[in-house]
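S.K.: These are the residues of each chain, in order.
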Amino acid sequence: MLFLAAVIEERATGETERRESESRFRIVADSAPVLIWMAGVDKLCTFFNKPWLEFTGRNLEQEMGNGWAEGVHPDDLQRCLKIYTEAFDARKAFVMQYRLRRYDGEYRWISDQGVARHDSNGKFSGYIGSCVDVSDLITKDEALREFEERVVLAAEATNHGVWELDTATNELWMSDKARALFQFDPEERLDEAMVQRRIHPDDRAFRESAIKQAIETDGEYSLEYRIVLPDGTLRWISGRGRCVTGKHGKGKRLIGVSVDITQQKEAQDLFRLAAEGSHLGVWHWDEIAKTLTWDGATRDMFGVSADAEITVDTFYGALHPDDAERVKQTWRQALELRLPYQIEFRTQRTDGTVRWVDARGRGYYDEAGKPLSMTGVLFDITDRKEAELQAQQNREELSHLSRAAAMGELAASIAHELNQPLAGITSNAAAGQRFIDRGKVDLRELHDLLGDIIADGRRAGDVIRAIHGMMKKDVSARRRIDLNDIVMSVVRMVKPNAMLYSCEVGTFLDPDLPTVEGDPVQLQQVLLNLIINAFDAMHDTPVTRRKVVIATERNVDDTICTSVRDYGVGIPEQARERLFEQFFTTKAKGLGMGLSIVRSILESHGGTIAAENADGGGARFQFTLPANTKTSAL
Amino acid sequence: MIPPNSLVFAIDDDRSVRKGVSRLLRSAGYRNEVFESASDFLAREQHPGPACVIVDVRMPGLNGMDLQETLIQHGREEQLIFITGHGDISMCAQAMKAGAVDFLPKPFRADDLLGCVERALIRSAEQRRRSTEENTARSLLGLLTPRELEVMQLVVTGMLNKQIAGELGTAEKTVKVHRGRAMRKLNVTSVAELVRLTEKASLAPAANV
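Top to bottom, those sequences are chains C and H. Terminal number for the first sequence in my numbering: 634, no gaps in between. Terminal number for the second sequence in my numbering: 209, no gaps in between.
Just so you know, these hints were derived from the structure itself, not from any lab. Check before you lean on any hint, since a few could be wrong.
[Stated by the list, open to error] Only part of the chain C face toward chain H is listed, based on derived beta-carbon distances under 10 angstroms:
#, residue
1, Asn428
2, Ala431
3, His447
4, Asp448
5, Glu504
[Stated by the list, open to error] Capping the alpha-carbon separation at 20 angstroms, the derived lysine to aspartate or glutamate pairs in EDC-like fashion look like this:
#, chain 1, residue 1, chain 2, residue 2
6, C, Lys92, C, Asp42
7, C, Lys495, H, Glu36
8, C, Lys495, H, Asp13
9, C, Lys123, C, Asp42
10, C, Lys50, C, Asp30
11, C, Lys43, C, Glu63
12, C, Lys495, H, Asp66
13, H, Lys200, H, Glu167
14, C, Lys265, C, Glu224
Glycine included, C-beta positions come from ideal geometry on N, C-alpha and C.
Starting from the given sequences, assemble the full structure and let the hints guide the process.
M.R.: As structure tokens, then:
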């Protein structure tokens with residue numbers, strides 16, 4: 001504008017014929033796309049070009065002298081006149097913005113630049129000015145300023161200090177928060193060197209090079225560094241900066257935010273210390289960038305070297321094949337359902353070593369619930385897991401031994417149970433042969449005879465299967481079972497023993513018993529143990545009083561109670577507490593394993609067991625198992 | 001050979017064993033009756049002819065050993081054959097000492113059981129016969145006067161009349177009269193016959209008493 005005004009003025013103060021030049025000037029001025037005015041030495045205006053008159057919608061006469069001032073917004077007028085007269089008196093150029101009423105009544109922001117003009121003799125002859133409508137620019141500038149202010153406010157509200165560095169002058173502007181952060185005075189003039197002096201000597205170099213690189217590449221940086229405050233306090237700062245080039249007429253600048261992260265950093269350090277101390281691995285998954293980060297301990301657990309690149313495939317590849325699918329599923333599910341998760345799985349290192357890991361994690365989500373990231377910890381539980389497996393193995397081993405022992409005690413019963421049907425079979429078969437040999441074959445009789453043989457054969461098969469089941473080592477063949485069936489099968493098994501002990505065995509079975517989910521062999525073992533214990537307890541009981549009663553009953557809370565009651569010596573007070581402990585026994589030849597195995601079997605079925613002395617003498621062992629309430633199509 | 005009027009009993013709490021044994025006995029031509037328990041058997045009136053009882057050792061209530069004891073106590077002569085699902089040496093010994101015919105572990109061979117039954121019935125018939133003779137002999141001996149009995153007890157030891165008279169402090173002639181009267185009462189004609197009779201009556205010769 002200034003340039004244009006100067007050209008116009010040069011023309012206006014042309015050397016040649018004044019009038020001629022004036023009229024030519026008018027033609028040029030009228031065709032120029034700007035509003036042009038001229039004033040004489042008395043400050044009063046003598047000329048307005050056509051665009052001006054069209055803009056204001058007034059005629060020349062109205063605008064002449066101080067007439068134009070009527071169109072200036074009342075709020076801006078005083079300021080305008082002041083700038084104008086001061087500049088005029090000093091013969092200086094001026095620029096001012098004011099609102100000028102347009103023909104349609106709307107006030108528009110005008111930028112007005114005025115310069116003094118001189119005639120060919122160099123004599124001051126007044127002012128000439130040119131104006132442009134800058135409303136759109138002004139509003140944009142204002143909006144931008146407001147936006148920037150809002151950003152700063154928002155940043156400050158979250159304890160972020162905001163700053164702006166002019167890269168050419170090294171002049172630094174800092175928001176109040178930023179000044180407070182670095183402990184600069186609110187009014188102090190700042191530059192980058194002052195900031196650099198606050199930085200911890202060890203961190204200066206990398207911060208400086210990061211900033212330098214950001215400026216050179218018009219890029220960004222994000223750093224964590226330490227500062228040392230004048231009182232010697234050390235603070236951790238997280239700084240981010242971005243290079244912004246030449247907007248709004250400004251030079252290359254670096255704008256950024258800084259925040260004090262000392263507390264997080266300390267917490268992180270503590271966490272890291274704790275993590276290192278407890279072999280805790282830490283990992284982070286960025287759902288957006290699809291990047292996975294592992295710390296050293298995590299790398300160790302997966303057997304991945306410290307410098308190897310980690311991708312999600314590294315993770316999947318390091319999983320034990322048997323666990324991989326389960327882990328992936330848990331992970332995706334946790335992320336989708338937005339739930340924290342916990343899972344135990346195995347990792348398999350490249351050298352083949354298998355480690356057990358306990359992993360916990362949780363996801364982070366945006367407002368719409370879209371997953372952003374997931375962070376978690378891992379700990380190596382191999383030792384614990386191995387101990388657990390060993391313990392379980394031992395338990396199974398012991399359980400097997402105790403079952404074998406129980407079977408030993410039942411040897412007589414087993415033999416008896418098998419020999420009965422065999423005796424039936426051999427007798428019937430021999431009878432059949434004789435009938436045939438004697439030539440008196442009653443076919444009806446023969447048919448019945450063979451039927452009896454088949455039935456006995458089946459019966460013998462059942463016995464063998466039951467024994468096989470009892471002697472089998474492997475466990476957890478869980479299925480839906482009726483406890484009454486279990487009771488009856490065990491009662492049948494112990495019947496010969498009962499006879500040997502001259503003991504009556506009675507049952508009170510609830511006919512409306514729901515099923516339970518369980519291993520029939522193990523539950524048989526439980527009952528077998530309890531019943532044999534009951535027999536043993538009645539050595540000194542008079543024969544007429546020797547009796548074991550087994551009862552099943554459905555409780556209101558959907559559990560099933562099974563009790564084994566005897567009329568023996570009862571439970572000595574001092575034994576009650578320790579009854580279910582391993583190696584605790586009151587029997588001369590007992591191992592002290594029976595009841596502890598009974599309890600561990602029941603607990604593995606979600607059940608409990610208790611013992612008490614019954615009214616009228618003897619003991620009652622009572623165990624409770626959860627009923628299978630799931631309705632089934634079966 | 002099946003002794004006439006013989007009857008076999010089988011007692012077992014296991015139905016299929018009862019049925020099998022009963023059928024086997026029938027196939028071999030034995031009349032038989034089966035019982036679920038020893039007390040059911042005891043409730044039946046005693047069979048007058050030769051009889052044997054096949055009994056399971058282990059049963060609820062009275063077991064096989066209990067039954068043996070009861071039968072002995074009541075002087076009954078049914079012969080016992082024990083069968084057992086799970087043999088027990090001490091029980092077996094006890095049963096055999098108390099006069100059982102045999103002790104068979106289940107599953108037994110049919111021929112073994114039938115052999116036992118045959119032996120048992122023969123033994124039963126024999127015993128029955130012997131006890132009948134004993135009863136006859138005893139009642140004959142019961143006809144003698146005390147003096148006649150004294151003389152006869154010395155006769156069976158092989159003493160001469162003269163020696164007996166010396167022993168009893170009486171005349172040889174008196175001994176001769178008692179001896180003749182007793183021989184007539186006992187319906188024997190020789191010393192040998194007399195000895196057999198006293199043996200049947202389970203009376204040992206006086207010298208050995």
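S.K.: Hints first: check each against the structure and report whether it holds.
M.R.: Right, here's what the structure says about each hint:
1. Asn428: Holds: closest Cβ of chain H sits about 4 angstroms from Asn428(C), inside 10 angstroms.
2. Ala431: 4 angstroms, holds
3. His447: 13 angstroms, violated
4. Asp448: 9 angstroms, holds
5. Glu504: 8 angstroms, holds
6. Lys92(C) <-> Asp42(C): 15 angstroms, holds
7. Lys495(C) <-> Glu36(H): Measuring from Cα to Cα gives roughly 16 angstroms; hence the hint holds.
8. Lys495(C) <-> Asp13(H): 12 angstroms, holds
9. Lys123(C) <-> Asp42(C): 14 angstroms, holds
10. Lys50(C) <-> Asp30(C): The given pair, whose Cα atoms are some 5 angstroms apart, holds under the 20 angstroms limit.
11. Lys43(C) <-> Glu63(C): 13 angstroms, holds
12. Lys495(C) <-> Asp66(H): 19 angstroms, holds
13. Lys200(H) <-> Glu167(H): The hint is violated at about 26 angstroms.
14. Lys265(C) <-> Glu224(C): 10 angstroms, holds
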